[in-house]
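Asker: Position chain B against the provided structure of chain A, taking the given hints into account.
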Amino acid sequence: MNTGLPAPPDSAISVVLPSVLQPLAGGQSVLTAPAEAAVTVAWLLDTVTGEYPALSRRLRDETGSVRRYVNIYVNGNEIRRLQGLVTPVAPGQEVLVIQSVAGG
Amino acid sequence: MGGMATADSYVLAIGTKKGLWLATSPDRKDWSLSGPHFLMSEVPSIGIDTRDGRTRILVGVRSEHWGPTVFHSDDLGETWNEPENGAITFPDGTDAALERVWQIYPDADSRPGVVWAGCEPISVWKSTDGGEHFELNTGLWDHPHRSEWGAGYGGAAAHSIVVDPTGEKVHVAMSTGGVYRSLDGGASWEPRNKGISARFMPDPFPEFGQCVHKIAADAAVDGRLYAQNHHGVYRSDDDAESWESIAEGLPADFGFVMLTHPRRAGTAWVIPLKADGERIPPDGKLAVHRTDDAGASWKRLDAGLANPEYNAVLRDAACVDEAEPAGVYFGTRGGSVYASADEGENFTEVASHLPDVLCVRAAAVTAALLPAQSKG
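Line by line, the protein sequences give chains A and B. If you count the first sequence from 1, position 62 lands on 62 in our numbering, and the numbers rise without skipping. Plus 104 on top of the position in the second sequence (first one is 1) and you've got our numbering.
Since the hints were made in silico from the structure, they are not lab data. Some hints could be false.
In silico SDA-like cross-links for lysine to any residue, where the CA-CA straight-line distance does not exceed 25 angstroms [as the list claims (entries may be wrong)]: (1) B:K230 - B:T183; (2) B:K121 - A:N71; (3) B:K122 - A:V66.
None of these values were measured; they are calculated from a predicted model.
Bound-form chain A, shown alone (with noise of 0.2 angstroms):
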């Protein structure tokens, strides 16, 4: 999926995220974990949150369950068809968190 945004160096991993979450993370649109192998979903927002807790508490519950209508996508797949929150993520590749539809 092209983002627009510049793609990671081959040795970091970037985490997209939506507008509405980017006061969380300083204003950043984009946060960025340095991985030289493949690491999983849960190590890359552990990182990328864990100067951010009120933004890891939008994703993630206590119990570390990614929230019921956040989505994130690797590949253009989301997490969920794939391997959840073990999936694995290559350096160079960017991790897109967006909302679902929900409520009414």
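Answerer: Chain B only, in chain A's frame:
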């Protein structure tokens, strides 16, 4: 919280399904509305803490996407703060996650900084720092009955917390589970539902499992409590050891609201709905009912209310203030909000066509605290 208000203005916080509105008034009749705050997030709980020489508004906020949290404002909504690590989060080992904050209850003046919270899943929490960080009440969380508590239509939650002046007697009401009482400040808990029916269960008078909708304490009679149940309106004169019906004289014994006077013995308000299967004001005629004799008789109060009105009033969508005479406030699921400056005798409409009103709380404040746009 505290004695009679001497302030010169009033604030009414209105939590809805899609955000928070704040209304201010110099006289509880003419109101200026501002908002929304937290647009598209529901606000099911509000606490206005006027202790410690400040007015802190605490709100339970829940986004369908991003989950629940607690914000507070010390400048009447000009700015909002969310504690970095979250005010209410289940500790490791509980394998639980906060779903919704149903109740925020600032404790007595004599215990400044103490704020209680009732949450979904069924749990009670206590803060000693003005609501910035809460600790889970493990006595209730580890109670052997917990696995048998159920969920009402709106979810499984502790929604009412009543603490006596000593701080030792604490009553909690949960749906469904009933009333639980602690005599040791919250360390241990026992069910106290004798006399309260649970017509939806095989045993209509079980030890626990009742669907109590709201409880409130009489301000001036030690040991006296009132309860609005899922069918049934009750009073206890012995700290919930036993309950007796006070529904006679009401048009219906179903409803969600139970309010008590901030100072006067025997005065309480309910807002009856027809039945669990017909959750509308009886015959579409919305009315508040007040007793001044602890439930022996009820007075119908509907001056200024819409007629017809087919929307329900939820358990925390009603409150009183601490002024003299006491103000009474409520909002409907149709987004109308009403205020009375005379204990319910006359109502004025504060707002209309808001999203479903989930919670209202009112307090007297000094006008100097009001945001600039609200003065005048």
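Asker: All hints, please: hold or fail.
Answerer: How the hints compare with the structure:
no., hint, result
1, B:K230 - B:T183, "holds, 24 angstroms"
2, B:K121 - A:N71, "holds, 23 angstroms"
3, B:K122 - A:V66, "holds, 23 angstroms"
Of the numbered hints given earlier, the model fails none.
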